[in-house]
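> Spelled out, the chains give:
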Amino acid sequence: MTNMSGADAIIHGLKAEGVSVMFGIPGGATMPLYDSLKDSGIRHILARHEQSAAHMADGFARASGKVGVCSGTSGPGATNLLTGIATAYLDSYPVVAITGQVARPFLATDAFQEVDTVGIFNPVVKYSFQPLTAAEIPMAIKSAFYIASTGRTGPVLVDVPKDVQMESADMDFSGKVDIKGYNPYIVPDSMDVERAAEMLLAAERPVILLGGGAIKANITPTVLAMAELLMVPVASTLMGKGAIPEDHFLSTGPVGMHGTYHANTLIMESDLVVNIGGRFSDRTTMKVDEFTKERKMIQMDIDPTEAGKNIKNAHFIIGDLSTSVGMLYEAVKRRVSSRKETPWYRKMKELKSEYDGKVFQNDGPFSSPHIVKKIRELLPADAIVTTDVGQVQMWGELFYKVLKPRTYLTSGGLGTMGFGLPAALGAKVAKPDVPVVVLAGDGSFAMTNNSLATSIMEKIPVVVCIFNNSNLGMISQWQRVVYGGRYSASWLGESPNFSKLAQSYGAEGIRVNSMDDFEKSFKEALGREVTTVIDLEISPSENVYPFVPSGNSLKEMLTK
Amino acid sequence: MTGGKADEERARVFSLLVANKPGVLFRITSLFRRKNFNIESVSVGEHIKEDESRIVIGLMADDAMANIFERLLRKQIDVYEVRQMDISRAALRELALVRVRLVEGNGVGYLHQLCSIFDYKVISINRNYATVQAVDVPSRLEEFLAILGESRVKDIARTGITALEEAD
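Residue numbers (the numbering used here), protein chains in the order written: chain P, 1 to 560; chain L, 561 to 728.
What the hints contain is simulated information worked out from the structure, not anything from laboratory work. Predicted model, so just to flag it, every value in this text is computed and none were measured. Certain hints may be false.
[To be verified] Straight-line C-alpha distance at most 25 Å; calculated SDA-like pairs for lysine to any residue:
#  : chain 1 : residue 1 : chain 2 : residue 2
1  : L       : K609      : P       : T559
2  : P       : K309      : P       : N552
3  : P       : K180      : L       : R631
4  : P       : K66       : P       : D163
5  : P       : K180      : L       : L655
6  : P       : K296      : L       : V584
7  : P       : K374      : P       : R295
8  : P       : K176      : L       : E702
9  : P       : K176      : L       : V584
10 : P       : K142      : P       : K296
11 : P       : K296      : P       : R283
12 : P       : K404      : P       : K296
13 : P       : K38       : P       : M457
14 : P       : K38       : P       : G28
15 : P       : K309      : L       : S575
16 : P       : K142      : L       : Y640
17 : P       : K373      : P       : L558
18 : P       : K176      : L       : N627
19 : L       : K635      : P       : V187
20 : L       : K595      : P       : L414
21 : P       : K309      : P       : E294
22 : P       : K312      : L       : F597
23 : L       : K581      : P       : I120
24 : P       : K293      : P       : L351
25 : P       : K312      : P       : A203
26 : L       : K595      : P       : A307
27 : P       : K180      : L       : M645
28 : L       : K609      : P       : N183
29 : P       : K555      : P       : S353
30 : L       : K581      : P       : A203
31 : P       : K347      : P       : R295
32 : P       : K404      : P       : N183
33 : L       : K581      : P       : Y146
34 : P       : K431      : P       : I120
35 : L       : K681      : L       : Y640
36 : P       : K347      : P       : N552
37 : P       : K340      : P       : T220
38 : L       : K635      : P       : N313
39 : L       : K635      : P       : L351
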């Protein structure tokens, strides 16, 4: 037992969890916390908007596999964090958000900067804690990290009233976390696995589909060994991109609304889908009846409540994927020693040779698909790319081949514009030795570009490539393709001048409109110790193809 | 949703064992709000151990919706146990307190007769009103109220159903 303040206990708890960095903005209700933080040895990275602080913590978590920590004060600090926390929740990444709250006597009085933070965050966190005495803090922090980082990972909120931060108590940090009703360690059923192995071997046209869970479970070698043994094509969802290297001969790239032509075609011709760590989201399956028709499904997931959620007919294997996929591989190995090229494999090879990297709408040499390919060419395998949301995210999905897990960070579930830059800063803090590049949109970038100040002040250099078409690109694409060319509120105009904006923050800024200039400035940017913003002047009439409009099946891809 | 018997809405009773602490009921009811569902009744009470509560929720839902709710409920850390009760195999009761307006002529005597038929109790009375305590299945309680007639019922407080599945 040590006597200390609640604020000191928060810091002590964070350090005990191995936290070395926290992203946030101080405010009235976190003054005691920030006072304790001052000489704690935990690095604080000052965001310029709490949404960005949450994205930074999320980007840190995505790149490192550790829990990211962010903080905001009560009221607007907390509500600003919300979008970033929801982003982490929808993609199941572990973030602990620590918010200040008004002092206990002022709770529920509409006091200055008071909102019901626990109430507002409820649907977008795995769990929340609101310690109402200082002595509860050690266990609240410990439990928050335990819940965030185990099972299906996700964000957890700790909301601490200001007077609880100031209150002193005898703190016990020795307690063991024991949360009744929370058992994240579920052992996969070996009978379920045996049955899956038989289904897999009986299939003539199987596809392995990797979701975000496959990245979190670190199962790349096992998946590759199994796929190679059976010569099975391996597709991914947007969130599973990079779970195996996308330059592997069995990789088809992602399926879905903007999946590759060959991946979508193959999965719709398959007779079995082995979904590892994906949730069959609407953007992956598109018209779900067609997706499930005439093929069997195996679904492997750590979250038991995913069984039957989006797909009714799947053979479900519950449990940690590193265990269940290992068991499946063993069960497969026992039944088969080597397998030759199948007609299905040859079909994949044919499709892939025709469609891999194919640019359906070619807007000349300096257009988005070619720029994305150039970025891949110029980056080392372990470089990290983050994306904004919209057309640029989908050009990335289609044309950026991810070679290592945790190197393509994108807001898939929530689709949060403005995710790119702050997530990149978090990733760069986690992995300071690898280049971090943002595939930014001019619409998205404008939402969080004040993170440039953080990048300069905290010396976190990244390279921002703004695919600038002066439009909310995906909106204008839909209006062009689906709404008969009736553009409504999608034109952004030519303000601001992004290179000058970057310069005013102290970053390098340059505007380019040719591939040669881009290549030159991108290479220079990679060697620079300060953030560079490259404003790429691209055509506003570019479309992302293939494109499966809502309500269509994956077979019904638009390619022009 | 397509037609067919399995898809029809019917009365559901969820029985939950949950942590007995602030915020739990809020987390649970907000799951139903997400699908814009009206909870018809909810009763909460301490369970055998004081750190646990039994919550019984009644609502109308089809099979698909009921399964969505069951999944959302199971996901909650504070929910220890979720059961969709088989109503035909459950003891199911509701408590109602009914304030009855006494009318001249067939006042107290009539009410007493009615209560003895239903096995309800008059628990307080003055010259204008009697308060009846009814513990019953909802359908019989509805019948009682219908016989009394709307004009005689001044006020009513109902707990909503609570239930316990028969033990084997």
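> Taking the numbered hints from earlier one at a time, note which ones the structure violates and give those numbers from smallest to largest.
1, 4, 5, 6, 7, 8, 10, 12, 18, 30, 32, 34, 35, 39
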